[in-house]
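*Asks:* So the protein sequences, as listed, match chains A and B. Following the working numbering, the numbering of the first sequence begins with 23 at its first residue and continues without gaps. Following the working numbering, the numbering of the second sequence begins with 48 at its first residue and continues without gaps.
These aren't lab readings, by the way, just hints derived from the structure by calculation. Warning: the hint list may mix true and false statements.
Computed list of lysine to any residue pairs in SDA-like fashion (alpha-carbon distance at most 25 Å, straight line) [stated by the list, open to error]:
id, chain 1, residue 1, chain 2, residue 2
1, A, K83, B, L452
2, A, K83, B, Y112
3, B, K651, B, E186
4, A, K102, B, R69
5, A, K55, B, P91
6, B, K554, B, R834
7, A, K83, B, P108
8, B, K136, B, Y525
9, B, K136, B, N123
Short derived list, chain B residues pointing at chain A, Cβ under 8 Å [claimed, not checked]:
id, residue
10, E72
11, V74
12, L78
13, R81
14, T99
15, Q101
16, P108
17, F109
18, T113
Keep in mind the model is a prediction, meaning the values are calculated, not measured. All residues carry an ideal CB built from backbone N, CA and C; glycine is no exception.
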Amino acid sequence: MELLTRSEELILLAVWNLQAEAYGAAIQAHLTKVTGRDWSFGAIYIPLERLEARGYVRSMKQEPTVKRRGRRKRYFTLTKAGVAALSHMRHIQNTLWEGLGPLALDGGEG
Amino acid sequence: MMRVPEPPRWAQWIIGAALHERHREEVLGDLVERYQDAWEHEGPWRAGRWYTWQVLRSAGPFIAYTLLWYGIMIRNYLLITWRTLTRNKAYSLINTIGLAMGIAVCVLALLYVQHEWGYDRQHPDADRIVRVAYSPNAETGYPGLAKVPFAVAPALEADFPQVEETVRLFRVGSGEAGSHVLQHDEDLFYTDAFYVAEPAFFDVFAVEFVHGSAQSAFQKANSLVLTEPMAQRLFGDANPLGQELIHQNQHVLEVSAVVTSINEQSHLHFDFLAPWAFLATELYSSWSSFEEDWSAAFTWSYLRLADGASPDALEAQLPAFIQDRYPEEVRQRFGDFSFILQPITDIHFHSHLRGEIKANGNVRVVYGIVGIALLVLVIACINFMNLATARSLARAKEVGVRKALGARRGHLVSQFLGEAVVLSMVSLVLALAFVGWAASLLGTIAGVELVLNDVLQPPLVIGIVGIGLLVGVLAGSYPAFVLSAFQPTEALTGVVRQGRGAVTLRKLLVVVQFAITIVFFISIAVIQAQIRHIHTKELGYHTAETLLIQRPSQRFGEFSNALFRDAFLKVPDVLDVSGGFGSMPGEPRSTWNYWVEGTPREQKNRVSTLYGDYNIVDLLNVDIVAGRTFSEEFGTDDSGFLLNEAAVAEFGWTPEEALGKQVGQFVWREDTFSKQGPVLGVIKNFHYESLHEPVKPLIVTLTPDFGALIVRIRPDDRAETLAQLRATWQRLAPTAPFEYTFIDDNVAQLYEKEQQLHTILNALAVLAVGIACLGLSGLAAYMAARRTKEMGIRKVLGASIAGLMVLLCKDFTRLVVLAFIVAAPIGYFVMEPWLQGYASRITMTPPLFLIAGVMALGIALLTVGYQAFNAAVSNPVDVLRQE
Numbered sequence: 023m024e025l026l027t028r029s030e031e032l033i034l035l036a037v038w039n040l041q042a043e044a045y046g047a048a049i050q051a052h053l054t055k056v057t058g059r060d061w062s063f064g065a066i067y068i069p070l071e072r073l074e075a076r077g078y079v080r081s082m083k084q085e086p087t088v089k090r091r092g093r094r095k096r097y098f099t100l101t102k103a104g105v106a107a108l109s110h111m112r113h114i115q116n117t118l119w120e121g122l123g124p125l126a127l128d129g130g131e132g
Numbered sequence: 048m049m050r051v052p053e054p055p056r057w058a059q060w061i062i063g064a065a066l067h068e069r070h071r072e073e074v075l076g077d078l079v080e081r082y083q084d085a086w087e088h089e090g091p092w093r094a095g096r097w098y099t100w101q102v103l104r105s106a107g108p109f110i111a112y113t114l115l116w117y118g119i120m121i122r123n124y125l126l127i128t129w130r131t132l133t134r135n136k137a138y139s140l141i142n143t144i145g146l147a148m149g150i151a152v153c154v155l156a157l158l159y160v161q162h163e164w165g166y167d168r169q170h171p172d173a174d175r176i177v178r179v180a181y182s183p184n185a186e187t188g189y190p191g192l193a194k195v196p197f198a199v200a201p202a203l204e205a206d207f208p209q210v211e212e213t214v215r216l217f218r219v220g221s222g223e224a225g226s227h228v229l230q231h232d233e234d235l236f237y238t239d240a241f242y243v244a245e246p247a248f249f250d251v252f253a254v255e256f257v258h259g260s261a262q263s264a265f266q267k268a269n270s271l272v273l274t275e276p277m278a279q280r281l282f283g284d285a286n287p288l289g290q291e292l293i294h295q296n297q298h299v300l301e302v303s304a305v306v307t308s309i310n311e312q313s314h315l316h317f318d319f320l321a322p323w324a325f326l327a328t329e330l331y332s333s334w335s336s337f338e339e340d341w342s343a344a345f346t347w348s349y350l351r352l353a354d355g356a357s358p359d360a361l362e363a364q365l366p367a368f369i370q371d372r373y374p375e376e377v378r379q380r381f382g383d384f385s386f387i388l389q390p391i392t393d394i395h396f397h398s399h400l401r402g403e404i405k406a407n408g409n410v411r412v413v414y415g416i417v418g419i420a421l422l423v424l425v426i427a428c429i430n431f432m433n434l435a436t437a438r439s440l441a442r443a444k445e446v447g448v449r450k451a452l453g454a455r456r457g458h459l460v461s462q463f464l465g466e467a468v469v470l471s472m473v474s475l476v477l478a479l480a481f482v483g484w485a486a487s488l489l490g491t492i493a494g495v496e497l498v499l500n501d502v503l504q505p506p507l508v509i510g511i512v513g514i515g516l517l518v519g520v521l522a523g524s525y526p527a528f529v530l531s532a533f534q535p536t537e538a539l540t541g542v543v544r545q546g547r548g549a550v551t552l553r554k555l556l557v558v559v560q561f562a563i564t565i566v567f568f569i570s571i572a573v574i575q576a577q578i579r580h581i582h583t584k585e586l587g588y589h590t591a592e593t594l595l596i597q598r599p600s601q602r603f604g605e606f607s608n609a610l611f612r613d614a615f616l617k618v619p620d621v622l623d624v625s626g627g628f629g630s631m632p633g634e635p636r637s638t639w640n641y642w643v644e645g646t647p648r649e650q651k652n653r654v655s656t657l658y659g660d661y662n663i664v665d666l667l668n669v670d671i672v673a674g675r676t677f678s679e680e681f682g683t684d685d686s687g688f689l690l691n692e693a694a695v696a697e698f699g700w701t702p703e704e705a706l707g708k709q710v711g712q713f714v715w716r717e718d719t720f721s722k723q724g725p726v727l728g729v730i731k732n733f734h735y736e737s738l739h740e741p742v743k744p745l746i747v748t749l750t751p752d753f754g755a756l757i758v759r760i761r762p763d764d765r766a767e768t769l770a771q772l773r774a775t776w777q778r779l780a781p782t783a784p785f786e787y788t789f790i791d792d793n794v795a796q797l798y799e800k801e802q803q804l805h806t807i808l809n810a811l812a813v814l815a816v817g818i819a820c821l822g823l824s825g826l827a828a829y830m831a832a833r834r835t836k837e838m839g840i841r842k843v844l845g846a847s848i849a850g851l852m853v854l855l856c857k858d859f860t861r862l863v864v865l866a867f868i869v870a871a872p873i874g875y876f877v878m879e880p881w882l883q884g885y886a887s888r889i890t891m892t893p894p895l896f897l898i899a900g901v902m903a904l905g906i907a908l909l910t911v912g913y914q915a916f917n918a919a920v921s922n923p924v925d926v927l928r929q930e
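Same shape as in the complex, but just chain B (with noise of 0.2 Å):
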């Protein structure tokens, strides 16, 4: 048997691989036979040159041929889908639409997760660049401070050779309350954001100019940088240039740039930034020896690392640097500490520490909206493919005749699935638009900047069209693998026994979607009622229409309470008048060392304190518990203090026991005191921080003249009041801002984050239900067109609509009981470890289970309810005779 010749391996792989299917097996064979041919007429060597150069000549033409081929075969799946889809218009725009929005919710999501995880990351270098601060320390509880000493980085600069930059940052006015202030011409206004850098900051900080450049930013000692808004806001369209703002009444600053805002995108926060010059020359001047001191951390610092050096081998060398460097003195002072350096991009999610320029954001909230918002993406996908599962059981027939007709289970099985892709790929064409239009939505309510460009980037783009390849593969494949599988006669006669496991898959699913939702239900209603509960909770002590306004600092004259009292006492509709500074909302904490008797002398306690006038603790309705309050009366009152029940507990005596206990208010960084008096009262708890936390101990000293006024006024009329007040204060302090805020807003500020939250969940709740219920009508509509002929022949036997609907709900209604039992425990376990974050919060009491539960069900049987309907009251003569 003379062994047939083989042409060689990798010619036949390449010529393989670029036939089509069609022809493949006898071009290769006829390539065969002649390859023998030629082995036998001319030898082996001569027929492999021949068989390979046949290979090379044909492959380009086949491989063309074949593209063409697949081209001409998917233009065929695609008319074939779009016949279909357009001939079933409303199962395809429930399902496209339905998809859409959960895909849009998971666009949305990754965008704001885009966002916030771009903080700090705009940048040249970026991840060169740290924070120096002082490290918090968990043994004795030292929060750490994100702020150092100015003699820092300097130093660090000058020691360390990898420091290739730094940059010091500086708040003007952030130890006088409302003393800040800026005068244009005629306009006089406050500012918390006004900021002194040195000049490498342009170098180091990725800053866009609109106006001026880096170069003549800080050209002059009294230059001025305003960011675009600010600019648009002072000046509106005229260029800002060389125009002049009088800072504090004293100074004239003249602008020198305008830049793009980074408050956005950054931990930085500035409208206005100043020169380092201007420090030393101006606010300063008294202090010549600033830079040298190591004792008060009064400025954020930043270091720019040279290319390869390592933040942490930096960290370990800086014990040493303290010792070396600090002085003595300052060392024995606050004992043990360390620097920790913290990458600037870091900084947003991870640094909480006292001092920080601005409250910084949470992962955690980052995760959970990822999360949420999965689940929602989650729902939107099992109900797609609900959908297609149910709709390609009704082509079963289309099946059957295909298939004996001879089409292969290959053909169906990707035309299912195509029909599935192409459904989903429009459904993410819808969801790209519909995220534009809510990207500025989202802008709005939580206050976040999502610009529609971010969509467009390639990894973005790669990863949503991924989601809507998987969802619609996994959407078809269970009809093109179940359904293909059916034999052409079972198909045919409408006899489609569907599997036991295919219904239990399907309900399976409705649960789940439904159990979602329900557990989106219980989130809300229990948000909300910790909401009502913070809303109308006793606070201890009186918000509404209480004003608080900010004193006008030194630099405008003396003024005392006295006089305003007087003044203010006179407009109608003022019930009193008082002043106050710290611990409380709309003012700053405050925090100060005391000694209280009992312990030892040298022991420092830190406490919250409330600098008040006489009548402060009348004015607010606090209770008195023991003892009394400040009164005129007692002209020794202003050695004494009052304490709240907290701190009486604190130091370990009872309210009667404390009366007559003595305190000692520290000096500032020093051993001896500046008061020292007798605990005059013990006033009740009232909630001067948020609810989030206990109430903490407070002591209350007197200090009039000192803080904001605080103004009670009469609810009636309040527009009037407000008028009238202003008109006095222009005439008292003409040259000061009139700024005021209500006690009562800035309380409901502190749970802005609430309101947010809630705003959120509502909305992605509305869109879950909205998603499941699309859902379980088509689902619904499908299994009454099932139950057509039974509902025909129960119809003729005498049953009412009535009787046939509830019949067609009974199954549903099931599904959803079983959906929320397994909703409320999971309920109960995600909202309980957010309750436990504030320190007055509610039970979590069955009826807000059960309202969550009676809604879903309300929902589903109104959905399933129509879909019944319909079935109920068709005439069963129509639908006998389809037989």
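So that you can see chain A by itself, here it is in the shape it has in the complex (with noise of 0.2 Å):
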């Protein structure tokens, strides 16, 4: 199974965070909140229509409305093999971990 770079994992993670509001303005938000950097459109949708054609996510189309100018939502949420993915990064993720006390500037343990 491929790797997720970081980015598309965040943004995948986003997506799960949010759940039926995983909508892009949202996941701007929220990825923005957290990393603390402003997050580019760019950044997100991109990554976000080839996370869809390897089909880890998928999106629907919404109702416009007012607060947009009339322009209408894409939601998107985890695809089965979406989940996968992410859970195989955390898999690798807490092997890495595994046994690696918390990083000190020291390099001691404690």
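These two chains come separately, so use the hints to put the complex back together.
*Replies:* Below, the structure is given as structure tokens:
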């Protein structure tokens, strides 16, 4: 199974986190809050298109709202494959971190 | 209701343009939403900055994504198009080849036009170079003269500061007949392209040096510059520099340089170029003041004007120049005349003065060729469109299915368009390959060098690609827009009700195609008839088996006609020998001034003249209408004249009245007579010039020992007779070259252009027919396919194969007949002006037109018949099972 890049992983996690509210603006707001950096929409949408092409997410279009000047929204949800990919990354993460204590500047244990 | 804030317009526009439609709406929406959030929390200004920053950051990546997506789309389209085309190989092939030929013809025509248009443009600052010439005068009928006296150019350079540089060009040997000879070692040959030029020639005209340079070219008074073809012919591959050539058995010239020939694309035409000093020190050594002469128009004079100077302004000052500079007595003698300054780039097309260096081109021919090429292209395009349309209707089912599955109309439109464009681009490539092959072929037919490199010029390439695109779009647009509008249900059930309009359109296109083709046929038939007329028409004199042998010039010794006559008559199969000059095919035009009885003494009548020996009229087999021909019995005949019927009519006499009337031959440029005597006889008009012109008045004057030798031989064993004549010649005049032509060959040469035209038109017609037939065949196949069920049923009900074929062909026959009705008057109106260019011409009779029509019909029936046959013999069982 292919690895996800860091950004992809973060985006997928955001989608998962936001559940039924996972649409573009919300994803961007969430990621900005969590990572402390203002995410560009290009950095979100283009990876999402790629992820959709790989089958990790699927998207649905919704009714437009007044707030968005009449433009529709597009909601994203994880597919089974997407969930599996995330779990896989988590597993790798855990394996790598296993047995390692908290990181300290002096490199010592404690 | 709170006002919903709007992000900066320009930023929205940028990001909107960068986005692909798949996600444009939602991204824009998301951006607006977050903008509004920012607006609420941080205020309008920060929100605006945030938005702008987002746009700037994302624009790049989004654009890249959009382009990538388009690329994938295009790739998919191409793939589908490719599959579609390969599945219908026959159709694709036919259509592509048809269009390719049409485009190729157009490209070839464009190349030809480009070549003709480029005459004399290769010189640096060509737009500043003009030629000084005597202006034609519409009132007096004076045709103008391309040459001017020697003194003109230097005087212009001295008097007018805007004249930067002048070049004079002089052709050696233009006066005497058959005297211009060059000798290298043992080789003797003639040339009529030996010129003398001032050193500034290489400065003003662009000439490429193969050997030597502009500095060394005219170093010595006896230097000689050759063109590459001449060097090749004389010296082969050996280095020509320093080699010696003997001119006119007198002057020794040394080759100083070799240049590439510019004769192909310039009104100039020289094979040999000697320095001006050669003229002064050798040829005109006895005429030391020739540079101050104002009366003899001997030199072509070119001026290069300073940057920004206006030729018109200079031309306006020339009348004053004439008043100032021309000696009084010259102006008196010539009366009113003026100069024109001809831009050198105009000369090839628009200058038809007397004394041109060589016959110039005709603008109308160029227009004609372009027109024809466009016509052929039109046929090809119509074809292409017709076939594409017919084909696409067969794909109605596919369209229905795709529409039912949700394909958007835009996609269908672009797919059909794309297919047509791809097909036309492939045709383009094929066309270019065809052009490459044909360019060399055309070179031999039309005598024009077309290099493939010319094709790859940017403007031409753009033009060609543009044509291809245009045709593709036009062809694809009908199926694209009409088909994609079908409702899925009707498309799926195969019940495609083709609108009345569509069928009519298709029939109209076929009619147009065939009409154009028939016009071609008519033109060819007419031209062929006229050519046959030219060849078989009684010219009024005997041209077959008659040689013109160039008499050796004085330099080789004294030769009299009698000497040659006695010697030649000893050769078996030689019937008669005479001498003659002027007014015959193969001889230069010769006119002179005469006085005739009954007109004022000073009146000079310019009449064509044939200088001949005693027996010239007999040898040429011209009929005598009144009086007699020259005869040695009458010692005074050398002051008598013969006139032709036209001359007699010109002076207002009947042939009987003319006998005995006095005629005086003026001395050149003076008022005394060199000869005066009675009219001895009147001869029948004969066509001594081409049939383009009516027979003009002719005076025959007795001048033995002048001009070419005319020999009539018996047709048997020509080669042997010629060999013996040559041997005899070599005995009598070993140093003079034996050069001859046959009069009937010379006559044929007058009509070289017609032959060329005929050949070109034949080629084009074959193309046009080919293209039209391709189209018709495809169409017929389609029509037949549509009616297979009907055919099947009729067969079951007992119809014969022949009957079915007739049924299918009837429709097309009607179309061809309609095309004929349209084409016949057009053909008439096109050919009538062309025929009017001939004084002696055929009349266009109905049979000519009918032949064209019948041929077209025959071809059409053959084409359609094949398809009809296929349809007619198909098994009804297979057909009916399709339901």
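*Asks:* A separate judgement is required for each hint: does it hold in the structure or not?
*Replies:* So, going through the hints one by one against the coordinates:
no. : hint            : result
1   : A:K83 - B:L452  : holds, 20 Å
2   : A:K83 - B:Y112  : holds, 20 Å
3   : B:K651 - B:E186 : holds, 18 Å
4   : A:K102 - B:R69  : holds, 24 Å
5   : A:K55 - B:P91   : holds, 21 Å
6   : B:K554 - B:R834 : holds, 17 Å
7   : A:K83 - B:P108  : holds, 23 Å
8   : B:K136 - B:Y525 : holds, 21 Å
9   : B:K136 - B:N123 : holds, 20 Å
10  : E72             : holds, 5 Å
11  : V74             : holds, 6 Å
12  : L78             : holds, 6 Å
13  : R81             : holds, 5 Å
14  : T99             : violated, 12 Å
15  : Q101            : holds, 6 Å
16  : P108            : holds, 4 Å
17  : F109            : holds, 5 Å
18  : T113            : violated, 10 Å
Going through the hint list in order, the structure does not satisfy hints 14, 18.
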